[in-house]
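Residue numbers (full-length UniProt numbering), protein chains in the order written: chain A, 1 to 356; chain B, 1 to 356; chain C, 1 to 356; chain D, 1 to 356.
Since the hints were derived computationally from the structure, they do not count as laboratory data.
As the structure is a computational prediction, the values presented were derived from the model and not from experiment.
We put the beta carbon where it would ideally sit given N, CA and C, even for glycine.
Possibly wrong hints are sitting among the right ones.
What the hints assert, rightly or not - Listed below are several chain A residues computed to face chain B (Cβ distance under 8 Å; list not exhaustive): (1) Arg163; (2) Pro165; (3) Gly168; (4) Tyr315; (5) Asp319.
Unchecked claim - Covered by chain D, per the in silico footprint, the following chain C stretches (three or more residues, Cβ under 8 Å): (6) 163-171; (7) 182-189; (8) 303-313.
Number of protein chains: 4
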Amino acid sequence: MKAFVMKRIGEVGWMEKDRPACGPLDAICRPLALAPCTSDVHTVWEGALGDRHNMTLGHEALGIVDEVGSEVKDLKKGDRVIVPAITPDWGDEASQRGYPSQSTGMCGGWKFSNFKDGVFAEFFHVNEADNNLAKLPEGMSLEAAVMMPDMMSTGFMAAENARIPIGGSVAVFGIGPVGLCGIAGAKLRGAGRIFAIGTRAKPIEVAKAYGATDIISYKNGDTVKQIMDLTHGAGVDSVIVSGGGPDILVDAINVAKAGGAIGNNNYFGKGMFDKDYLPIPRVGWGFGMASKDIITGLCPGGKVRMERLAEIIKYKRMDPGLMATHVYKGLDKVEDALMMMKSKSGDLIKPVVICE
Amino acid sequence: MKAFVMKRIGEVGWMEKDRPACGPLDAICRPLALAPCTSDVHTVWEGALGDRHNMTLGHEALGIVDEVGSEVKDLKKGDRVIVPAITPDWGDEASQRGYPSQSTGMCGGWKFSNFKDGVFAEFFHVNEADNNLAKLPEGMSLEAAVMMPDMMSTGFMAAENARIPIGGSVAVFGIGPVGLCGIAGAKLRGAGRIFAIGTRAKPIEVAKAYGATDIISYKNGDTVKQIMDLTHGAGVDSVIVSGGGPDILVDAINVAKAGGAIGNNNYFGKGMFDKDYLPIPRVGWGFGMASKDIITGLCPGGKVRMERLAEIIKYKRMDPGLMATHVYKGLDKVEDALMMMKSKSGDLIKPVVICE
Amino acid sequence: MKAFVMKRIGEVGWMEKDRPACGPLDAICRPLALAPCTSDVHTVWEGALGDRHNMTLGHEALGIVDEVGSEVKDLKKGDRVIVPAITPDWGDEASQRGYPSQSTGMCGGWKFSNFKDGVFAEFFHVNEADNNLAKLPEGMSLEAAVMMPDMMSTGFMAAENARIPIGGSVAVFGIGPVGLCGIAGAKLRGAGRIFAIGTRAKPIEVAKAYGATDIISYKNGDTVKQIMDLTHGAGVDSVIVSGGGPDILVDAINVAKAGGAIGNNNYFGKGMFDKDYLPIPRVGWGFGMASKDIITGLCPGGKVRMERLAEIIKYKRMDPGLMATHVYKGLDKVEDALMMMKSKSGDLIKPVVICE
Amino acid sequence: MKAFVMKRIGEVGWMEKDRPACGPLDAICRPLALAPCTSDVHTVWEGALGDRHNMTLGHEALGIVDEVGSEVKDLKKGDRVIVPAITPDWGDEASQRGYPSQSTGMCGGWKFSNFKDGVFAEFFHVNEADNNLAKLPEGMSLEAAVMMPDMMSTGFMAAENARIPIGGSVAVFGIGPVGLCGIAGAKLRGAGRIFAIGTRAKPIEVAKAYGATDIISYKNGDTVKQIMDLTHGAGVDSVIVSGGGPDILVDAINVAKAGGAIGNNNYFGKGMFDKDYLPIPRVGWGFGMASKDIITGLCPGGKVRMERLAEIIKYKRMDPGLMATHVYKGLDKVEDALMMMKSKSGDLIKPVVICE
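Isolated chain A, as found in the complex (with noise of 0.2 Å):
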């Protein structure tokens, strides 16, 4: 079969591959829809994962059913899916004590383009498929649905995290489509003013129908002073760090009023001061006793999380459609996806490749 891989950092192309083996437990899938992430990006031209050779690539997608394993009981040939981008062992250590996407070790639900094949084939491979696959809504939009499986999963978190209380102001640091998920999480935790931090016109436009109240740009000015101003020098309750550099967490610590929470779903591709770290403002933290709280996580998988998100898209509680700019047609359009997110040029969101 057809895979799209990393050959190895900073390399990508086609190659062959064996269909993929059907455990008891598991099931194989044909690509429905597709969309590549901006950690494809990270993990091929910076090496963020270290040295991966001939890895197929991608974790966001829909299927098809086209094989299941002798143990499985919901799912059959030719049911349509919702694959989520963290699959994990629900019964594994971490699972049991309420972190499945840490099963099998740190980060470990995230099997896709990282500890094994990823989705952009003509066949992958899905662990514990009762457990991991959703029935795809009939009629619900492609383009909408497959922002399920990684980016709405991941911006909801942060939200989730961040203890908005009813009518509190959050911070979003980054409006990329995971910081829109964290914005459009926000205002469905009842958050009352939102501040989003960004600066290009199209996410700008897609943050306000998410429910943005104000939209702060560096070019005016240091972010965190002018969302200091507009608060009268309260700050926020709640931030959602979703981009920025390696001390983007300086920022988040800085505008959030003592006692207001900081909720991270930014994938930190890389650290500070040749030691590999991130560093923490001890003056903004109130040298480490002003209930400035840090939590954190990876996108939620599984079956029960996706079909929780379908309900959103299908009572309209969110266009998620609203994200997918940039529409291709065949898995073979994958490779210009992913250069498209990789240029992050224009009016970029987010581009999904309609597969079938």
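Add chains B, C and D to chain A, keeping to what the hints say.
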């Protein structure tokens, strides 16, 4: 001064009273807008609080500050303020434990028209004014704003307590104004599907505007069975109880998934079984083992809560003005408004009195 | 193989059964130590689960692995293991929602002697063996260790759910073995004063050893009134319900402070009022507004829970062996042990059967 | 009156001051017992709070009420009281948000020897006396009781924040008095294995008495590696940070399991990298995705907290008196006690001054 009082159980009327005295931390306010509450009706005609003599009624108000005590710092005569129905003693033992609405004793934060004279008078008294009164934002509709002191705060509370997951399903029992705010609150916490149980036309219209996706009426059969059928036997993630008789918890528990939470903001005016009991269904509750938790509370009060609710209105997250179906002008019309609340006639949701 | 069964409601006995079959994820174990549970008594003589025919009894066991399925990785024949009373399906919908004990349906994680044959047999079957069985630490007393599968896990759960603040006061209704573990659990969560409600001498002795500071007996008058007097009318921060009749929640709620939580681990074997209801007191519950929340659950199961409980024993945080008042030798003695549990005679807390 | 002050950075001494004035809600107290804190040392000799002139030092005290304001109801002259180090403004905005220690601004609940004169004087001033002062139980050892205002409250806080599961494993960095109370707090929350990181003999002895099961010293190599080896690579469920240099969070995060929480009660007196930063390790933190959350805070204050801590002592859940290694008699000895704290010589844990 003129005050509208409960003379005794079953009898209301106007009487002359002394203007209340202002302690060092207090404020005296004139009413700017008022609303009668169903609990005023319970208080007078059901004797729900026990007997009261010549007690001024009313606990939902916007006000104009007329006098402040010597220790008050943030307020001055002429300020237009939101007056929370619940005005805690913020340093009290229960407040320090995290339950300010229970300060000075069970439900002790509820002072107006309960432990002291209420707001239906030319002047009324507010304890700990700096901590309890919030500035009314300029330009805000009074009809909308007067929903904050009780309706929004109480309605949202049950949604906040019901552990609603993003995309989760919710059943709301009751579509009076508190139930409608429960629906709005469920949407504000990120609910997907929202079942509203009720029958009257006007509230149903507002329920849909606030986010209800399915309207369930007892006229079509057992309401629990209807929801179980619509969810294919699963039940719902969260339940909000904002109405119903003394056995409404039976339905609430039976419709919840194992692991689902019941957020109650119902004021139970009477019990059952000659012993003033509220029943829980043994089998539906999993013999006490189904993790169907019952989380309750009294309307959150205080300045910060009111300020946050004002943000909800300001940023158009919800329009509480839709509930103000009947608007009266002048303090003397508060009697008509209360009688309208008692009769619950026709298309009533909430009567409002604009005083100035 | 030989199995000790419930033949029908009211009748027990030995019978020959086939050795259970081992699926790919399963294990078959021999019993190493067993304990009958009060709920076995309810099951047989009260028909609490409904009728059952020839169902092997028992759900509290230590075991020796005799066979493992093809997909089992962490276990092998001969391993000595802790067998949790509750063995969830870890990937199930309820497990993904955070309620593994409710997997496959309400209370569905309770399989032994409920939905399938129990552990009182020469061999018994364990589902998802890698996720549910924990290694028994070497050198650990079997009498102590057999308290982990149900008594400790269930007893601690209510303490964990009762929102006990460090230094807070707790009332524990019931001093059977689960109630005693509730007392120990309250101490393990940092309780200050602990009221234990019960009358029998031997359990009182153990209650004190586990941290109870005040023993309250109905023989000295109304138990709620006694605690209210001892707390100068304040009541307690937290309540644990581990025994009592169908109206025990009335006492539990009446003794709680406003804002106090009730953690229930009682298995309510019967209800009241011809409708199988459990009553809540309307006035003591603050008309539904006193923030006296009722948090329930079914014994937490699984490998990680058992491993953590083993740490409690290993590091001498609690000695569950004090509860093993009656020790029998040999599987065939399980009948005597059950009859002892039924009779609750004299100084019984918990009978234990050592099989090897 | 006589007061022991910080004259400027690096210089202390005695001076005459006016007796503080008593506002309507306030109390004036005489010291009954005092203890210097490491933060007094930081304040004077490191200038950690910035420059201060003639500020009375000290924030750990038991007191005797000498005068109360006109609005004070629960206290009278002669009452013996526990004086919390943190005395919040209970109605403040941050208090209403749930963070009283942050009232009036970041860390604003810390008034003594920070924003106003401290307790090392013949008389000292307490704001909101009814809400902040707790009665000292009769017969309680003063050496033990004086640990409540700061040491126990601060130490326990990190344990409460570190999400310790019953039976979970904990690592505590630092075995000064706050770290020792972190160990005791971890045991009080139900920890199983507790690693204490430190080297001095006397604190190690107390650490063991308080529940530490493993003592880890840097003298035996990298402390993180030692704990990882002892846990077979798993790390710990919870981390308490109560000491160490500006990069101690690096160790704390590296030793936590994915999903483990870090409870910080360290007062970071200085930062790194010429920018006053505190570093987080990017890789050990899972690139921001490992759910290793960092929860912080400032010592909880107020009457209820003190009353609960008194219960811990009364019911012998912990004996804080073990930390009082050096006991002085008379207010004038507070200078010697502070110098002892500065020198940290020999077997010191905490010096205490008994004033009457």
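For each hint, the structure was consulted:
{"no.": "1", "hint": "Arg163", "in the structure": "12 Å, violated"}
{"no.": "2", "hint": "Pro165", "in the structure": "6 Å, holds"}
{"no.": "3", "hint": "Gly168", "in the structure": "6 Å, holds"}
{"no.": "4", "hint": "Tyr315", "in the structure": "5 Å, holds"}
{"no.": "5", "hint": "Asp319", "in the structure": "14 Å, violated"}
{"no.": "6", "hint": "163-171", "in the structure": "holds (count 5)"}
{"no.": "7", "hint": "182-189", "in the structure": "holds (count 4)"}
{"no.": "8", "hint": "303-313", "in the structure": "holds (count 6)"}
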